[in-house]
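Please put together the full structure from these sequences, using the hints given.
Protein chains: 2
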Amino acid sequence: MDVFVGVARREHIAEGGLSVYELHYWPTIQGRGEFVRLALEHAGIAYADVAREDEHQGGGEEALIEALQSKELITPPFAPPWLKAGDLVIGQTANILLFLGRKHALAPNEESGMLWTHQLQLTLADFVVEIHDVHHPLGVTQYYEDQRAEAKRRAEEFRGKRMPKFLNYFETVLQRNPQGSEYLVGSAMTYADLSAFQVIDGLRYAFPKRMRTLSPRYPKLIALHERVQALPRVAAYLISPRRLGFSKEGIFRHYGELDGE
Amino acid sequence: MDVFVGVARREHIAEGGLSVYELHYWPTIQGRGEFVRLALEHAGIAYADVAREDEHQGGGEEALIEALQSKELITPPFAPPWLKAGDLVIGQTANILLFLGRKHALAPNEESGMLWTHQLQLTLADFVVEIHDVHHPLGVTQYYEDQRAEAKRRAEEFRGKRMPKFLNYFETVLQRNPQGSEYLVGSAMTYADLSAFQVIDGLRYAFPKRMRTLSPRYPKLIALHERVQALPRVAAYLISPRRLGFSKEGIFRHYGELDGE
Chain A
3 MDVFVGVARR
13 EHIAEGGLSV
23 YELHYWPTIQ
33 GRGEFVRLAL
43 EHAGIAYADV
53 AREDEHQGGG
63 EEALIEALQS
73 KELITPPFAP
83 PWLKAGDLVI
93 GQTANILLFL
103 GRKHALAPNE
113 ESGMLWTHQL
123 QLTLADFVVE
133 IHDVHHPLGV
143 TQYYEDQRAE
153 AKRRAEEFRG
163 KRMPKFLNYF
173 ETVLQRNPQG
183 SEYLVGSAMT
193 YADLSAFQVI
203 DGLRYAFPKR
213 MRTLSPRYPK
223 LIALHERVQA
233 LPRVAAYLIS
243 PRRLGFSKEG
253 IFRHYGELDG
263 E
Chain B
3 MDVFVGVARR
13 EHIAEGGLSV
23 YELHYWPTIQ
33 GRGEFVRLAL
43 EHAGIAYADV
53 AREDEHQGGG
63 EEALIEALQS
73 KELITPPFAP
83 PWLKAGDLVI
93 GQTANILLFL
103 GRKHALAPNE
113 ESGMLWTHQL
123 QLTLADFVVE
133 IHDVHHPLGV
143 TQYYEDQRAE
153 AKRRAEEFRG
163 KRMPKFLNYF
173 ETVLQRNPQG
183 SEYLVGSAMT
193 YADLSAFQVI
203 DGLRYAFPKR
213 MRTLSPRYPK
223 LIALHERVQA
233 LPRVAAYLIS
243 PRRLGFSKEG
253 IFRHYGELDG
263 E
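These protein sequences, in sequence, are chains A and B.
Numbering-wise (the working numbering), the first sequence opens with residue 3 and increments by one.
Numbering-wise (the working numbering), the second sequence opens with residue 3 and increments by one.
The hints are simulated quantities; they were obtained by calculation from the structure and are not laboratory data.
We put the beta carbon where it would ideally sit given N, CA and C, even for glycine.
Mixed in with the good hints there might be a few duds.
To be verified - EDC-like cross-link-like pairs, simulated, lysine to aspartate or glutamate; straight-line CA separation at most 16 Å: (1) K73(A) with E173(B); (2) K86(B) with E113(A); (3) K105(A) with E147(B); (4) K105(B) with E113(A); (5) K86(A) with E113(B); (6) K154(B) with D148(A); (7) K211(B) with E259(B).
Unchecked claim - If you only want the chain B side, here are some residues facing chain A, beta carbon under 7 Å, derived: (8) Q94; (9) F101; (10) S114; (11) M116; (12) T125; (13) G141; (14) K163; (15) Y171.
Here it is as structure tokens:
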């Protein structure tokens, strides 16, 4: 298993001797796994992106599906991503981030900050579901091509009502942060900021016209995106081969017919 | 504010002097607030269901919307439900349950059990989103009547693929529990069991035909529903006026045209 893909992480493990995490996620898309990857990358945590290894090293989509269907796991995940951390097998993106936040200072330790960070993450997760459902309003087991007319109707509602509602919410959270508007929670970066970056990045890819219209209304959120993007380890990750591109297979998909000013 | 609606809770506060929680949720539906109500009721926690108070006591839908739009809260919720617990204002259903689980022994304290319980809750939350979206595939801001044909298509996929997939998952979790199949996590009840009860209850209301066909395949899950329903405080709650009925306004809606064997 080729664990030390990143320089930052190679240094980190050499210094700290942390145990190596295994991320299990679809190998060809950012998807929900990307929220976990960003946290692992920013924190400089050693991890293996298991399904992206060579097949003879246990990688590949088939091995991932096989692992998901394994009858041996007493705490099976419903779907990827899941994180193996020693004996723990943790499923659900927000739950993985809750774990990483506690262990690697990616969220406040005290209860109110821990819960507030998690609340924001769960609201981002709700947003992500709606972003996804724009192109799959009739369900995930049917092709986009078989629900294009319905997607168009849902996209209108999304661009007009839901997208501004969610973006406005996170702008408001930044505005009201008594410790300044640099980050969502207090004065330090949390996993929720990393996830907010990813959502903005994805929306810009999927809805470029709509984002050009809306962005000026959310200056603090756009500034947060820039701030996270410039963090040294995030910046290094984004230009590395470990960062997969956006595509028409993931959550954020660009179909011109679903976008609009 | 009329806090002591239930006998169990009146006794509890008299004994323990716990601070009184405020649940804020839409006053006329079970909705997502019901997952919180079940946890509060089962744990015998004193709480006020604020929006269901009289209007002159701060109740009602308008007051709820006003509170949601308040500019004073530095940690605003995106939507109901939220729970006020002393100085804390906690939003997102699963996050509220995470908090209650820690404080009131509704989940294991140690990390692996805490995370596993939360993972199950988040998977139930995903299921709830899909159950809701069956009757609103084109979005929440349009009426059901304006998306009936699309709802019918989505319902077919849901009944045929997604519903068995989720139900089978929770049956598997019960089967694999090394401490027996009475509860989802270990040998004691958690908030995830209460939520699983509510999901099964709602599915039986919304899709009675389909549930009659599917139930024999998930005997442990059906037994869990019966077990939770028979818990003294849950049983008392379910026949009390505090338990709202299912209706065509909530998550679980019965439209004959969306059901089928």
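So, going through the hints one by one against the coordinates:
1. A hinted pair counts as satisfied when its Cα atoms are at most 16 Å apart, and K73(A) with E173(B) qualifies at roughly 13 Å.
2. With a CA separation close to 14 Å, the supplied pair K86(B) and E113(A) stays within the 16 Å bound.
3. Annotation: proposed proximity of K105(A) to E147(B) is violated, straight-line Cα distance about 48 Å (limit 16 Å).
4. Restraint check: the Cα-Cα separation between K105(B) and E113(A) comes to about 11 Å, which is no more than 16 Å; the hinted pair holds.
5. Straight-line distance between C-alpha atoms of K86(A) and E113(B) comes to about 14 Å, which keeps the hinted pair within the 16 Å bound.
6. Of the supplied pair hints, the one linking K154(B) and D148(A) holds, its CA atoms being roughly 15 Å apart against a limit of 16 Å.
7. Only pairs whose Cα atoms come within 16 Å are accepted, and K211(B) paired with E259(B) is accepted, the gap being roughly 11 Å.
8. Given the 7 Å rule on beta carbons, the hint for Q94(B) holds: about 4 Å separates it from the nearest Cβ of chain A.
9. Here the hint on F101(B) is kept, as its CB sits about 6 Å from the closest CB of chain A, short of 7 Å.
10. Interface hint status for S114(B): upheld, as the beta-carbon distance to the closest one in chain A is roughly 6 Å, under 7 Å.
11. With its C-beta approaching chain A no nearer than about 9 Å, M116(B) sits outside the 7 Å limit, and its interface hint is violated.
12. Of the supplied interface hints, the one on T125(B) holds, with its beta-carbon coming within about 5 Å of a beta-carbon of chain A, less than 7 Å.
13. At its closest, the beta carbon of G141(B) sits 4 Å from a beta carbon of chain A; the interface hint therefore holds under the 7 Å criterion.
14. Evaluation of the K163(B) hint against chain A yields a held restraint, the C-beta minimum of about 5 Å falling below 7 Å.
15. For the restraint placing Y171(B) at the interface with chain A, the shortest Cβ-Cβ distance is roughly 5 Å, inside the 7 Å limit, so the hint holds.
This entry does not satisfy hints 3 and 11, going by the numbered hints stated previously.
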